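K.L.:
Produce the complete structure using the sequences and hints provided.
Per this note's numbering: the sequence shown = residues 132 to 216.
No wet-lab data here; the hints were simulated from the structure. Take the hints with a grain of salt, since some may be wrong.
[As the list claims (entries may be wrong)] List of simulated lysine-lysine pairs, DSS-like, C-alpha gap at most 30 Å:
id : residue 1 : residue 2
1  : 138       : 169
2  : 181       : 138
3  : 169       : 137
4  : 169       : 181
5  : 181       : 137
Bear in mind the structure is a predicted one, so any value in this text is a computation, not a measurement.
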Amino acid sequence: MTDLGKKLQSLRQTHGLSQRALARRSGLSNGLISLIEKDQVSPSVSSLEKILDSFPIGLADFFAMPSGAFAESGLAGRMDEGAST
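P.N.:
This is how it looks when you write it as structure tokens:
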């Protein structure tokens, strides 16, 4: 099993976004974001691209980064989400 969900959660939290805010930015449902982060479903490539469009990272770089490395990578930075969880 991959750690895609944990990597996505780490990236989202590094940028100070709630699941709800990420769902709004990506055009996906809050429930889907939650299920992906829990590794209960695997997102389609299209859905993952929509999610990653919310961050300064591409698909290839996302998979190349080890889990938990987003805070140390220079990708950190609080994004104004406009709402909390």
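K.L.:
Could you run down the list of hints and mark each one as holding or not?
P.N.:
Evaluated hints:
no.	hint	in the structure
1	138 <-> 169	holds, 11 Å
2	181 <-> 138	holds, 15 Å
3	169 <-> 137	holds, 7 Å
4	169 <-> 181	holds, 18 Å
5	181 <-> 137	holds, 17 Å
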